[in-house]
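**Student:** Chains H and L supply the protein sequences, listed in that same order. Each residue of the first sequence is one higher than the last, beginning at 1 in our numbering. Each residue of the second sequence is one higher than the last, beginning at 1 in our numbering.
The set of hints was computed from the structure by calculation and includes no laboratory data. A hint or two may mislead.
When chains are identical, the list treats them as one kind, so a pair holds in a single copy or across two.
Here are the simulated DSSO-like pairs of lysine-lysine, each with C-alpha atoms no more than 27 Å apart in a straight line [unchecked claim]: (1) Lys29 x Lys40; (2) Lys60 x Lys87; (3) Lys131 x Lys212; (4) Lys212 x Lys161.
So you can see what is in the structure, the chains are spelled out below.
2 protein chains.
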Amino acid sequence: MITEAPMAVAVIGLGSMGLGMAKSIARSKLPVSGFDLDVKAMAALAQIGRVGVSPADAVKGCRIAIVVVVNAAQTRSVLFGDNGAAKAITPGSVIMSCATMSPDDARALARDAEALGLLYLDAPISGGAAKAAEGQLTVMASGSAAAFARARPALDVLAAKVYELGDEAGLGASFKMVNQLLAGVHIAAACEAMTFAAKLGLDLSRVHEVIKASAGNSWMFENRGQHIVDGDYQPRSAVSIFTKDLGIVSDMARQQKFPTQMASTALQLFLMTAAAGMEQDDDASVARMIADLTGVSIPRRRMEGS
Amino acid sequence: MITEAPMAVAVIGLGSMGLGMAKSIARSKLPVSGFDLDVKAMAALAQIGRVGVSPADAVKGCRIAIVVVVNAAQTRSVLFGDNGAAKAITPGSVIMSCATMSPDDARALARDAEALGLLYLDAPISGGAAKAAEGQLTVMASGSAAAFARARPALDVLAAKVYELGDEAGLGASFKMVNQLLAGVHIAAACEAMTFAAKLGLDLSRVHEVIKASAGNSWMFENRGQHIVDGDYQPRSAVSIFTKDLGIVSDMARQQKFPTQMASTALQLFLMTAAAGMEQDDDASVARMIADLTGVSIPRRRMEGS
Numbered sequence: 001m002i003t004e005a006p007m008a009v010a011v012i013g014l015g016s017m018g019l020g021m022a023k024s025i026a027r028s029k030l031p032v033s034g035f036d037l038d039v040k041a042m043a044a045l046a047q048i049g050r051v052g053v054s055p056a057d058a059v060k061g062c063r064i065a066i067v068v069v070v071n072a073a074q075t076r077s078v079l080f081g082d083n084g085a086a087k088a089i090t091p092g093s094v095i096m097s098c099a100t101m102s103p104d105d106a107r108a109l110a111r112d113a114e115a116l117g118l119l120y121l122d123a124p125i126s127g128g129a130a131k132a133a134e135g136q137l138t139v140m141a142s143g144s145a146a147a148f149a150r151a152r153p154a155l156d157v158l159a160a161k162v163y164e165l166g167d168e169a170g171l172g173a174s175f176k177m178v179n180q181l182l183a184g185v186h187i188a189a190a191c192e193a194m195t196f197a198a199k200l201g202l203d204l205s206r207v208h209e210v211i212k213a214s215a216g217n218s219w220m221f222e223n224r225g226q227h228i229v230d231g232d233y234q235p236r237s238a239v240s241i242f243t244k245d246l247g248i249v250s251d252m253a254r255q256q257k258f259p260t261q262m263a264s265t266a267l268q269l270f271l272m273t274a275a276a277g278m279e280q281d282d283d284a285s286v287a288r289m290i291a292d293l294t295g296v297s298i299p300r301r302r303m304e305g306s
Numbered sequence: 001m002i003t004e005a006p007m008a009v010a011v012i013g014l015g016s017m018g019l020g021m022a023k024s025i026a027r028s029k030l031p032v033s034g035f036d037l038d039v040k041a042m043a044a045l046a047q048i049g050r051v052g053v054s055p056a057d058a059v060k061g062c063r064i065a066i067v068v069v070v071n072a073a074q075t076r077s078v079l080f081g082d083n084g085a086a087k088a089i090t091p092g093s094v095i096m097s098c099a100t101m102s103p104d105d106a107r108a109l110a111r112d113a114e115a116l117g118l119l120y121l122d123a124p125i126s127g128g129a130a131k132a133a134e135g136q137l138t139v140m141a142s143g144s145a146a147a148f149a150r151a152r153p154a155l156d157v158l159a160a161k162v163y164e165l166g167d168e169a170g171l172g173a174s175f176k177m178v179n180q181l182l183a184g185v186h187i188a189a190a191c192e193a194m195t196f197a198a199k200l201g202l203d204l205s206r207v208h209e210v211i212k213a214s215a216g217n218s219w220m221f222e223n224r225g226q227h228i229v230d231g232d233y234q235p236r237s238a239v240s241i242f243t244k245d246l247g248i249v250s251d252m253a254r255q256q257k258f259p260t261q262m263a264s265t266a267l268q269l270f271l272m273t274a275a276a277g278m279e280q281d282d283d284a285s286v287a288r289m290i291a292d293l294t295g296v297s298i299p300r301r302r303m304e305g306s
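Let the sequences and hints guide you as you build the complete structure.
**Tutor:** Structure follows, in structure tokens:
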């Protein structure tokens, strides 16, 4: 007797995160399909799964559609735009939405998906491309019990840790935005502190070592501080991610009449860095911007291709 | 045959840090003496060591004088003021200066101590009162090899980790100021993020749990975030410490024509909190200030004595 076919999973958006997720799914033996506008990403997908010609085509035969695009607008477009996934996927399937966005956007997308008879999981992720490919992501998820149940095979394969944060869309997004507020502030602070240390004539490698073991440490100081010590600004995560994410925090806060002075100051530093031409470089480039501005010398490794 | 008497150590400044250090020294069987203006602190010292009537009196018979007062001005006063320690202690002894201060102040104090034939260790500490009493401090120290050698018996007793950061005064202070810049920014960010989370209607205990395990974490978020979750603003470290320390960062940066936007914004938040009457409360009180300002509800535990 042959049991029901394993649940097919579509991944819409094949950037480094989406492609890593597709790899994890393929490795688990679940059938995987996907779609992206980028030809190179599609060629990579073809090695491990079915390439769709549109979001609608990619989700055919799938009961789980993971959307891993840049923001809420792109999520809306691939779900509800021309050849969108939402009308093409079987009712009762789950949309697992992973882009960082405001809780309002997450709630609106959930409403529209549910109006079409779909389940919706508000499921921002964290961990970066390497952890996506290893199936070791952290997922900050909220949604109905039915949405969690339907998404479970994918969650099991993709995540080391799934936080179940409540039964409605918007909660996952809210937790993620609070995390991004802190992450962005901590990157900016790490860059300010390391360039200030350079101005004081301190050895940055020693500063990194001492502070990592002290009360001034943060996850970002530890991680991005190493990029500054190495003078390595190849983008692991780009400045543009934080102009976007702290932009969302700023919009949310203004709408709620809630002052966020630390996040707003950090946003300005990321905008200064983007304006200085480093938008696509590693987000630790805030340190290069400050160093360039002040004439302070910090390590510089020549970037590949430059 | 009786060997040389163990080296006596004086502790000038018996706040929670200094008293903890005196206890660690007494426990190690080194003779300890001390001085403070506070009568209660002196009574506590009397249980374990010799009470001096002045800094000059406290250092009699000692070869190590540890100065653990609030800032550079107090350090100068207890060393070089009326009945100061510097002229009273035997030449060749070491002054171990632990207050957080600018590198310029540390260098000036070292020069003046050395002019009297003393050794000087620029030795800011971190770890808090509990670790002081356990002999588990971190010391960020710089000074001559002779100063380190002379201070060694005290360092061995007081510190879990001694960073030897160079052979001149000012380096220890510089490392400490970079640490304080980050620590202050991270406290302010933790307070902003937690109150923002409350505004979004999130459960703060859950926020703390999730972010502690995510890229938004910092040592301070983990530590002070718990105070906010508990609504506990009994001062472990007071707002006044950070108006002081970020004030020093701000003075140093302005003098060097170096912009420190993150630190300056954090300083403003601590000043707002002090201005609102919470200067002597726990530094996580920035969260209460923001909550009071915005009308957001966060946990509040009634404070002892209030």
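**Student:** Each hint should be assessed against the structure and marked as holding or not.
**Tutor:** Evaluation of the provided hints:
Proximity of Lys29 to Lys40 under the C-alpha cut-off of 27 Å is restricted to the intra-copy arrangement: shortest distance 23 Å within a copy versus 71 Å between copies. For the identical chains of this complex, Lys60 and Lys87 are intra-copy neighbours only, at 11 Å inside a copy versus 87 Å across copies, given an alpha-carbon limit of 27 Å. When the C-alpha separation of Lys131 and Lys212 is checked against a cutoff of 27 Å, the pair qualifies both within a copy, at 23 Å, and between copies, at 18 Å. Taking CA atoms no more than 27 Å apart as the test, Lys212 paired with Lys161 passes in both settings, with 25 Å inside one copy and 13 Å between copies.
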